[in-house]
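Throw the hints in and build the complete structure from the sequences for me.
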Amino acid sequence: MSRPPHEKTAEARDRRVLELWERLVEVEQRLIPTGLHVFGRAGDTRECADLLRAVASYDRPECGARALNDLIAEGLGLGAYEKLLEDKSEQGWRVRANVDEVLRESIEIFLRDGAGRARLWLHENARVETEDSFKVFELLSGIREQLRTSGELDGLARSLRGEYVEPGPGADIVQNPAVLPTGRNTHAVNPYAVPSHAAYARAERVVGLLLERHRAEHGRVPRTMALVLWGLDNIKTQGEGVAQALWLLGVRPLRDSLNRVTEVEPIPLERLGRPRVDVVMTVSGIFRDLFGATMMLLDKAVRSVAALDEPPEMNPVRANVAERVREGGCTAEEAQLRVFSNAPGSYGTNVNFMVMDSQWESADALGDLFVTRKCFAYGRGPGGRALEGREARGALARALSRVEATYQNVDSFEVGITDVDHYFEYLGGVSKAVEQHARARPAIYLADSLSREASVRTLPEMVRLETRAKTLNPKWYEGMLGHGFRGVAEIESHVTNTFGWSATADAVDGWVYEEVARTYVLDAEMLGRLSSLNPHSARSLVARLLEAEGRGFWEAEASVVEKLRDAFSSLEDRIEGVA
Amino acid sequence: MKITALIVGSSLLGPLKHAEGEINRRHAAGLRVAAHNLGAPLADDEWEGVERDLCESEIVFVIHVTDGENAERLIRLLDRHGDARRAVVVINCMPELMRRTRMGRLSFGGSRVEDGEGAATGTREEGRARRLFKSVGAWMGEQARGRGRGSKHTQYLRFVERMPALLRFVPGAGRLGDVKNYLYLFCYFLQPTPANVSSMLLYALKHYGGDARLSKARVPPPEAVPAVGVYHPDADAVFESFEEYRRWHDARARRAGTRTLEASKTVGLLLMRTNVVSGTRLHYDALVRSVEREGLAVLPVISTFMDNRDACARFFVGEGGKPRVSQLVSLTGFSFVGGPAMNDSEAAVEYLKGLNVPLRSAVSLDVQTIEAWRDSPTGLNPVQAGMQVAIPEIDGATEPFVYGGMPGGGVEPVALEERCRRLARRLARWNRLQTVRREELKLALVVFCFPPNKGNIGTAADLDVFPSLHEILTRLRADGYGVEVPADADALREQLLGGNSESFGAVANVAHRMSVDEYLRLCPYAGDIEREWGAAPGNVGTFGRELLIQGVRLGNVFVAVQPTFGYEGDPMRLLMSRGGAPHHGFAALYAYLEKVFGADAVVHVGTHGALEFMPGKQVGLSEECWPDRLIGELPHVYIYSVNNPSEGSIARRRSYAGLVSYLTPPVEDAGLYRELASLKELLLAYRQSADARERERLYEAIEEKAGALHFAAE
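So the protein lines, in turn, are chains A and B. Heads up: the first sequence begins at 14 in our numbering, then just goes up one per residue. Heads up: the second sequence begins at 11 in our numbering, then just goes up one per residue.
None of the hints are false.
25 angstroms max Cα-Cα, derived SDA-like pairs, lysine to any residue:
no., chain 1, residue 1, chain 2, residue 2
1, A, Lys148, A, Ser70
2, B, Lys452, B, Gly490
3, B, Lys715, A, Val573
4, A, Lys21, B, Ala700
5, B, Lys452, A, Asp167
6, A, Lys96, B, Arg697
7, B, Lys690, A, Gln42
8, B, Lys715, A, Arg29
9, A, Lys21, B, Ala722
10, B, Lys690, A, Gly523
11, B, Lys275, A, Asp167
12, A, Lys101, B, Arg697
13, B, Lys363, A, Arg174
14, A, Lys313, B, Glu61
15, A, Lys488, B, Tyr683
16, B, Lys690, A, Ala23
17, B, Lys715, A, Ala110
18, B, Lys715, A, Ala23
19, B, Lys715, A, Gly523
20, B, Lys363, A, Arg161
21, A, Lys313, B, Glu106
22, B, Lys715, A, Glu24
23, B, Lys715, A, Glu35
24, B, Lys690, A, Glu527
25, B, Lys275, A, Glu176
26, A, Lys313, B, Arg90
27, B, Lys690, A, Ala110
28, A, Lys21, B, Lys690
29, B, Lys363, A, Asp167
Okay, the calculated beta carbon distance ranges per label pair:
no., chain 1, residue 1, chain 2, residue 2, range
30, A, Asp579, B, Glu504, 22 to 32 angstroms
31, B, Gly508, A, Glu99, 55 to 65 angstroms
32, A, His231, B, Glu512, 54 to 64 angstroms
33, A, Ala62, B, Glu706, 35 to 45 angstroms
34, B, Ala357, A, Glu491, 41 to 51 angstroms
35, A, Gly286, B, Ala700, 38 to 48 angstroms
36, B, Glu504, A, Thr162, 23 to 33 angstroms
37, A, Val574, B, Pro581, 25 to 35 angstroms
These are calculated hints, taken from the structure and not from any lab test. Idealized CB from N, CA, C, for every residue including glycine.
Right, dumping it as structure tokens:
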């Protein structure tokens, strides 16, 4: 708890105020979905200013557009926008607010009066040369145009007539506006193109932040980390997650004559300037399927680092392998296994099913299940043969026992950590497994590359942010409730996914449940709406809150529990009556 | 005497083995030809074999090796066993490997011939040979880097046809003899007919074999083969024009009473030139016959590999730009435009949109044996998956079927008859969608419900499923399909959710109760499921002894609810490290859709279901893989969130879905609400205030509010 104000110096108070300011801005400016999509309906009725502003905040080298924030900051003579973001002083916030305000205004003018006026206004008010802003507004105009119509039903009709359905990339609009128009046949990427040069460059920064964050709190960089790798972000970012793993190990990818990434090369320690990090990779079944060549590359990266003659404090991979071999009962080849996924033909950790279906007694069951499902080794085994998922429970358990921090790259605001059950089943699952095998809870991090400020957060920070920006936010839940039946299911699913973070990582503050209960159940009017729109999901939501209380994830007042129980039984009655 | 050939793919092994026999028969040379496929990284023992063969050989051919890891290891081997007496002929490889060419006095590594002696004093013929050599070298460089262009390729083939004539004037002895020899070998290689490959080996032996018996052997000049054309297994030769093919094809079709070449019933195939030329095409033959057996005509065309638009323009497009085919199946892998390393998907898509014919891409196991694929729990190896599935997908290709490949110990690719039949039937089912009157077509729309309870009917990431279904049904009716559209989305939901569901304790209306007898009759895989889940009907989605098919019938459309994995019915299954089979209820639904309802296509609505995650290989499925069994012959369309390319790709590869992407929801800044908004006001007031006492007062309020908002502990 903070000390009473009078004990704080004025400087300390100022600092605290700016910290709080930063927390609030983080919530306020976070992009959230405000509803659901209906297939075939155009997006033109949508409020799209925030979306366009987000799109305009990134350089788009593919179409020659520069980020508007940068153009404005430069026009106003403030220097690089990136630098402004780093300045968290009073002055820094003011300057930043100024740029943001100009950006906001210019987008509004664009929406109201068109690109020409917006560019002129920017020229007059921020000295942005009109030719410099041409491309970015061209891009925004294109997006707006494409949102006015929907090609989805046509795409479906074409498909059902057995015609050619145009392919398209998969991502969200901010990441890659080329996903428009929809109604196309989404494709993945060529695994041999991963990681791209750009992804490898971006990953260096994130890995730097990640290690810095850990160092700030633990005094040194972690020697061993567990990473979750998914297909989702690695397709959309052309392999940022993969590149992060390579950076942690301290290797760089090499391309062959067909421009395919097939080899790696260790970065010398003097160039790396820090110790390497041993990395245990727990990989989704989907990544395994889509990135077969990359699985081999990651394995190769580990083995190439293990083979380096470097001091143990600088090369924990080599040290850990040597230690494991000394312990006996294990070949050097086996001691280097670091790429784990499901058994071939299987997907997922099932931790999500177990949590959602309340089929667990103690949390250990969740960690055990994670290891059971994910203990299949990939890469190259004895004699250089592909392992193709050899069961290696001992190897995974042993590798996890050394882990100090777990991590996953999150690339998209559209699929956040409480939006789907997969984040908690993976990152939560591996963290729980580490906790069991290392006998200490790891630090859990998520990189959040969805704003200009690439940032690394701890899991509890991320849960709070998601809760404040979405679950408790009227803008979010009213948007969902606008979709009636399905919206209630969506709210329930968020609560359950949040619960998943309690179950696997104890990463949810008690107040989160308290506020959820207050928002959705204790508010009689709200409960009434949920019950009439979708009593089944409303019942599940109340049941989940009761389960959270029962499992000790929050300490509810007796009266609150009482009210939850009442709500539950009246929903039961209602459902049976409805039947 | 021994030759080692390090090759990639499935087309050269057959001719090499044939050459070995021919040369031994004619010249009693005691020749042994060892060949290794270097398409995918080799294991250590395989490398030992390569090394052994290499050491024992007088001549080594290295052809098309582009894989980085293999090239690196091979360079090490060649350097270790470099021997002036051993000729090393490297063709179409990356520059580092090309430099290992060593034939007599020719060594690419030293570039001796290129810019050394004779440059100033050369005769006209020498100059010509040198220029030729240089341009061939440059061409190869482009090929090896995968940057060659189609038109250039055909141009070169024509050029190469004239090359032997040119080379006649180059003296065989002396400084340029080895250059001439290299160019000769290259000419044979470019037209790898069995006779040419035989000549290539004989030519190499004659000049570099060190065996007196062969030094006088007469080697025939390269035989020429058309660069492009139409191939059909029943015809004697390749047809150089569509008209020639049509005359032959339709006369034959009329005699046999089979399908003539009507565009709406014709499937265009793109074949690898090397397989056609080298006569290693049993897999093509089988696929052609399988498609014909399904009542479709076939137009199998030699691909203009680096840019298939050439082949299409020449053979698949008729008068007025109208396509002569209604489906396109590429058997070449890689990009439709651009070849191995250049992926010009923009050009490909532009072209295919104009053609408006769906592109399928089927896989031949060229760098993996059939046995290795069959035994592999993962299916295609990473090289095959990348080159023959992931890259074609970017051009919009669907249905990544494995239809043939190299048998272990065999010398040429053969067909996987069952896979050919399945693919052909699927093409025929797609053809039905293209040609049958819409009111006769039946469609299944499948929605999800996860976790399984009534509240979750219509699970889909970011999609409001019932209004979406209503939009879809409305559109289908407008397009002429025989669908009864409910009044609105809510009415549809009530029909599905309500109905008779309560009387069966089901999530949704029960449209059909399948008896165990019916199920066992309709589901040929029931036995395999019983091994996993016990005797049918089991206890997931059942009522007594019946399996419940949940959904509602709306005319010719059936809206079904897909069962889940079934963990609820059998919690122990959660704890298993791998799944073995779907449960009976799951299989029953798809048996129902295909065989009872008689669907012509199935549309899964929303991201995502369980079918594509059922056990089996990851890509390049066999008839034993569950997604393959479940989707069967049904054309499959999947409505999928545009921001989920990863899971969507699993649906494409493992259940042969064509995706139709949907937009993600509208987004806005989260903004601040209630007390968060008032906290911000306080913070702003604090920041703007210059009065110390006011700031202190404000600070107190701030801490209080921050505490109430749970910021205190952070």
